[in-house]
Amino acid sequence: MYRIIRKEKLAPGIWLMKVMATFVARKAMPGQFIILRVKEEGERIPLTIADYDRREGWVTIIFQEVGLTTGLLAKLDEGDSILDFVGPLGRPSELDGLKRVLCIGGGVGVAPLYPQIKYLWEKGTSVDVIIGSRSKEYLILEDEIRSVCHNLYITTDDGSYGRKGFVSDVLKELLDQGIVYDRVIAIGPLIMMKVVSEITKQYNVPTIVSMNPIMVDGTGMCGGCRVTVSGEVRYACVDGPDFDGHLVDFDEAMRRQRMYREEEQHICKLMEKEGL
Amino acid sequence: MAVNLNRVPMREQDPEVRRRNFDEVTLGYTLEEAVQEAKRCLQCKKPMCVEGCPVNVRIPQFIAAVVEGNIEEAFRIIRQTNNLPAICGRVCPQETQCEQRCVLGKRGQPVAIGRLERFVADYCMEKGIEDKVEVKRNGKKVAIVGAGPAGLTAAADLAKLGYDVNIFEAFHEPGGVLIYGIPEFRLPKALVKREIEGLKKLGVKILTNVVVGRSITINELLEEGYKAVFIGSGAGLPKFMGIPGENLNGVYSANEFLTRINLMKAYDFPNSHTPIKRGKKVAVVGGGNVAMDAARSALRLGAEEVYIVYRRSEAEMPARLEEIHHAKEEGIIFDVLTNPIEILDEDGWVKGLKCIKMKLGEPDESGRRRPIPVGGSEFVMDVDTVIIAIGTSPNPLIASTTPGLAVQKWGGIIVDEETCATSKDGVYAGGDAVTGAATVILAMGAGKKAARAIHERLSKEQ
Chain A
1 MYRIIRKEKL APGIWLMKVM ATFVARKAMP GQFIILRVKE EGERIPLTIA
51 DYDRREGWVT IIFQEVGLTT GLLAKLDEGD SILDFVGPLG RPSELDGLKR
101 VLCIGGGVGV APLYPQIKYL WEKGTSVDVI IGSRSKEYLI LEDEIRSVCH
151 NLYITTDDGS YGRKGFVSDV LKELLDQGIV YDRVIAIGPL IMMKVVSEIT
201 KQYNVPTIVS MNPIMVDGTG MCGGCRVTVS GEVRYACVDG PDFDGHLVDF
251 DEAMRRQRMY REEEQHICKL MEKEGL
Chain B
1 MAVNLNRVPM REQDPEVRRR NFDEVTLGYT LEEAVQEAKR CLQCKKPMCV
51 EGCPVNVRIP QFIAAVVEGN IEEAFRIIRQ TNNLPAICGR VCPQETQCEQ
101 RCVLGKRGQP VAIGRLERFV ADYCMEKGIE DKVEVKRNGK KVAIVGAGPA
151 GLTAAADLAK LGYDVNIFEA FHEPGGVLIY GIPEFRLPKA LVKREIEGLK
201 KLGVKILTNV VVGRSITINE LLEEGYKAVF IGSGAGLPKF MGIPGENLNG
251 VYSANEFLTR INLMKAYDFP NSHTPIKRGK KVAVVGGGNV AMDAARSALR
301 LGAEEVYIVY RRSEAEMPAR LEEIHHAKEE GIIFDVLTNP IEILDEDGWV
351 KGLKCIKMKL GEPDESGRRR PIPVGGSEFV MDVDTVIIAI GTSPNPLIAS
401 TTPGLAVQKW GGIIVDEETC ATSKDGVYAG GDAVTGAATV ILAMGAGKKA
451 ARAIHERLSK EQ
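Going down the list, the sequences are from chains A and B.
Residues 1 to 276 in the working numbering are what the first sequence spells out, letter by letter.
Residues 1 to 462 in the working numbering are what the second sequence spells out, letter by letter.
No lab work stands behind these hints, which were simulated from the structure alone.
We treat Cβ as the ideally placed atom computed from N, Cα and C, and that holds for glycine.
Hints may contain errors.
Pairwise CB distance ranges, derived in the manner of DEER restraints [unchecked claim]:
#, chain 1, residue 1, chain 2, residue 2, range
1, B, 48, A, 22, 20 to 30 Å
2, A, 231, B, 106, 51 to 61 Å
3, A, 201, B, 411, 29 to 39 Å
4, B, 379, A, 177, 56 to 66 Å
5, B, 409, A, 270, 41 to 51 Å
6, B, 21, A, 266, 16 to 26 Å
7, B, 409, A, 231, 17 to 27 Å
8, A, 189, B, 242, 23 to 33 Å
Result set (DSBU-like, lysine-lysine): computed pairs, CA atoms no more than 35 Å apart in a straight line [what the hints assert, rightly or not]:
#, chain 1, residue 1, chain 2, residue 2
9, B, 193, A, 27
10, A, 39, B, 201
11, A, 39, B, 265
12, B, 160, A, 39
13, A, 39, B, 357
14, B, 205, A, 39
15, A, 27, B, 409
16, B, 200, A, 39
17, A, 75, B, 193
18, B, 193, A, 269
19, A, 7, B, 205
20, A, 194, B, 351
21, B, 265, A, 27
22, A, 75, B, 281
23, B, 265, A, 9
24, B, 239, A, 201
25, B, 281, A, 269
26, A, 27, B, 201
27, B, 239, A, 39
28, A, 27, B, 189
29, B, 39, B, 106
30, B, 265, A, 273
31, B, 280, A, 39
32, B, 189, A, 75
33, B, 193, A, 39
34, A, 27, B, 106
35, B, 280, A, 269
36, B, 141, A, 39
37, A, 273, B, 280
Could you build all of it, start to finish, from the sequences and the hints given here?
In structure tokens:
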């Protein structure tokens with residue numbers, strides 16, 4: 001069992017949890033993820049690591065209530081325990097040897113981006129960041145990120161905070177200004193990562209995206225997380241989750257993400273009826 | 001008295017009923033049936049059956065105890081060499097091992113050794129009979145990677161010898177392929193759990209949710225004071241065919257399909273939260289036991305038609321005869337000499353499976369006749385789900401994070417056949433991680449061999 005030592009509401013439906021998990025904490029690196037199971041009949045779901053402390057043995061996860069499992073997770077409180085919590089899984093992000101990086105985070109994707117920004121900053125890399133959300137109240141980790149980057153740009157879809165528009169609008173402007181980045185790192189909804197990758201391809205800026213497909217074991221066993229990259233089948237859990245955004249087949253990834261939509265809606269409705 | 005040439009039949013669930021439930025297919029012997037079957041054993045002076053068993057169960061001795069009705073004694077005899085008898089009695093390919101060597105098999109049916117082993121184990125489990133083992137702890141720590149058949153066996157043997165054994169398991173539940181792979185209707189999970197409880201009573205500790213290679217490395221285990229490490233991480237990486245359409249929604253690896261059903265209990269959705277697509281018309285590609293398991297599971301999820309698609313003929317199928325027989329009884333349709341060439345797409349979902357007919361040519365390097373496509377014979381099977389069951393290979397995670405561990409080109413860990421020692425000092429390996437996908441009992445045999453070698457090495461040390 002893995003005890004929750006802190007729980008915090010970051011935005012409507014978006015939660016931060018600090019979880020005691022020594023095996024994960026002592027090896028975690030930016031870009032890696034964990035798989036958890038809330039209770040005995042529960043599903044295994046992957047969540048990217050948002051922060052960790054090797055000495056104290058905790059790992060932070062940040063998640064949005066989007067389905068049954070994240071809903072059940074959100075019902076746990078400080079002092080409660082998560083049944084299963086395994087990791088770190090996936091390959092760490094390759095962040096060394098970079099001079100100037102642009103990090104782009106959308107929605108709850110800002111959470112897994114944060115440890116990467118922090119790592120780059122601590123290595124002395126020049127980091128600009130664009131973060132975006134639907135509206136002001138859904139924007140997360142603004143202060144944390146502001147303290148570990150050079151320039152922070154904020155967008156909201158409805159213009160309630162920062163610039164009205166999408167992260168991709170700012171991206172385009174920055175590139176048009178002639179700023180030379182040796183890498184763009186984008187984490188967020190598939191459609192956002194797709195749009196960002198399409199833009200950076202035009203400007204020839206190497207771009208890494210973090211894929212978060214459906215998976216069961218997270219160790220290469222099920223093959224459910226397969227992603228087509230440059231025409232080849234790769235497993236997000238062991239070959240990724242980071243891939244070259246210019247080579248990922250995003251349309252296939254979006255389609256695969258919808259595989260269990262019917263089942264998910266069905267089970268959520270049932271649970272609502274039972275008042276869970 | 002002349003020996004009956006036919007074995008006592010084992011009761012089974014009716015195929016018409018069982019094809020829609022996940023309960024165990026075979027029902028086992030009663031005490032009377034077991035004694036009757038045991039009496040057929042000729043008690044050979046030089047029992048060939050024992051040589052045919054990868055863990056050398058003292059077969060005539062335990063059968064003699066069954067004849068006397070002393071089931072507890074029979075259990076004790078089996079447990080001397082086999083830590084998981086209820087499992088082996090069910091999933092061992094006895095027809096190519098112990099039973100194949102039985103002299104009765106020359107004129108009639110061999111003694112039903114597997115069924116008797118199963119009976120003894122089930123009987124004692126039900127009655128709560130345990131074989132008591134006095135263990136003197138020696139304080140030496142051994143780490144086992146993977147709680148599957150190889151790891152569990154090595155752990156049990158080492159624990160009996162007095163070692164402090166810790167098993168590291170990546171999944172949230174121990175058992176390996178016994179839990180995630182082999183379906184409930186062939187191997188009830190409650191029984192696997194009880195066998196594992198037995199190991200815990202020997203003092204074996206199982207740490208779940210630890211991925212060796214990620215959470216901790218082999219080198220770190222050695223640094224932490226483990227005197228030896230045994231790797232039994234299995235062959236869990238699914239192979240795909242590399243044909244167009246394999247990433248469509250509705251295409252599964254057999255590993256994913258079976259893991260969702262067995263480990264995650266997706267057949268009980270929504271009570272269990274893990275979903276699975278319940279196909280109406282399902283094609284399973286492959287001819288091994290895993291393909292049979294996947295096909296019969298798809299049927300139990302409610303499929304109207306389930307096809308086994310296999311590129312050679314039935315004679316070349318690697319699945320056990322019993323599994324093929326059970327699958328056919330349940331109504332699985334066998335399309336042999338048929339090879340898939342494309343999975344057809346409709347809005348991102350499987351719409352059909354395009355295949356080509358095959359014929360058999362000259363034998364290939366495996367000794368089986370090579371299948372050759374028949375020109376112009378392409379046709380489309382009307383299916384909505386495709387499950388790929390063409391094999392698995394060892395997971396590269398451990399090899400890639402363990403400097404000095406030699407592996408084959410295809411990923412299998414290289415070991416000394418006598419000792420299971422790897423190229424890395426103090427590190428042993430066995431089971432599918434070494435051989436590629438094989439059987440439960442061969443993995444158990446390797447676990448035993450490694451335990452012996454580890455003991456030999458460590459008993460020399462101070």
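We went through each hint and held it up to the structure:
1. B:48 to A:22: 20 to 30 Å: 52 Å, violated
2. A:231 to B:106: 51 to 61 Å: 56 Å, holds
3. A:201 to B:411: 29 to 39 Å: Given a distance of about 35 Å, which is inside 29 to 39 Å, the answer is holds.
4. B:379 to A:177: 56 to 66 Å: 59 Å, holds
5. B:409 to A:270: 41 to 51 Å: 49 Å, holds
6. B:21 to A:266: 16 to 26 Å: 22 Å, holds
7. B:409 to A:231: 17 to 27 Å: 24 Å, holds
8. A:189 to B:242: 23 to 33 Å: Check passed, 30 Å falls within 23 to 33 Å.
9. B:193 to A:27: Holds: residue 193 of chain B and residue 27 of chain A sit about 31 Å apart, inside 35 Å.
10. A:39 to B:201: 26 Å, holds
11. A:39 to B:265: 13 Å, holds
12. B:160 to A:39: 34 Å, holds
13. A:39 to B:357: 47 Å, violated
14. B:205 to A:39: Between residue 205 of chain B and residue 39 of chain A the Cα gap is close to 22 Å, so the pair holds against 35 Å.
15. A:27 to B:409: 28 Å, holds
16. B:200 to A:39: 23 Å, holds
17. A:75 to B:193: Judged against 35 Å, a Cα distance of about 30 Å means the pair holds.
18. B:193 to A:269: This hinted pair holds, its Cα atoms lying about 33 Å apart.
19. A:7 to B:205: 32 Å, holds
20. A:194 to B:351: Between residue 194 of chain A and residue 351 of chain B the Cα gap is close to 27 Å, so the pair holds against 35 Å.
21. B:265 to A:27: Satisfied, since the Cα-Cα distance of roughly 31 Å is no more than 35 Å.
22. A:75 to B:281: 39 Å, violated
23. B:265 to A:9: Status holds; Cα separation ~32 Å.
24. B:239 to A:201: This hinted pair holds, its Cα atoms lying about 32 Å apart.
25. B:281 to A:269: 28 Å, holds
26. A:27 to B:201: 32 Å, holds
27. B:239 to A:39: 31 Å, holds
28. A:27 to B:189: With Cα atoms ~33 Å apart, residue 27 of chain A and residue 189 of chain B stay inside 35 Å; holds.
29. B:39 to B:106: Holds, at about 18 Å.
30. B:265 to A:273: 23 Å, holds
31. B:280 to A:39: Status holds; Cα separation ~31 Å.
32. B:189 to A:75: 30 Å, holds
33. B:193 to A:39: This hinted pair holds, its Cα atoms lying about 18 Å apart.
34. A:27 to B:106: 59 Å, violated
35. B:280 to A:269: Answer holds: residue 280 of chain B to residue 269 of chain A is near 24 Å, not above 35 Å.
36. B:141 to A:39: 32 Å, holds
37. A:273 to B:280: Between residue 273 of chain A and residue 280 of chain B the Cα gap is close to 29 Å, so the pair holds against 35 Å.
Comparing the model with each earlier hint shows violations of hints 1, 13, 22, 34; every other hint is respected.
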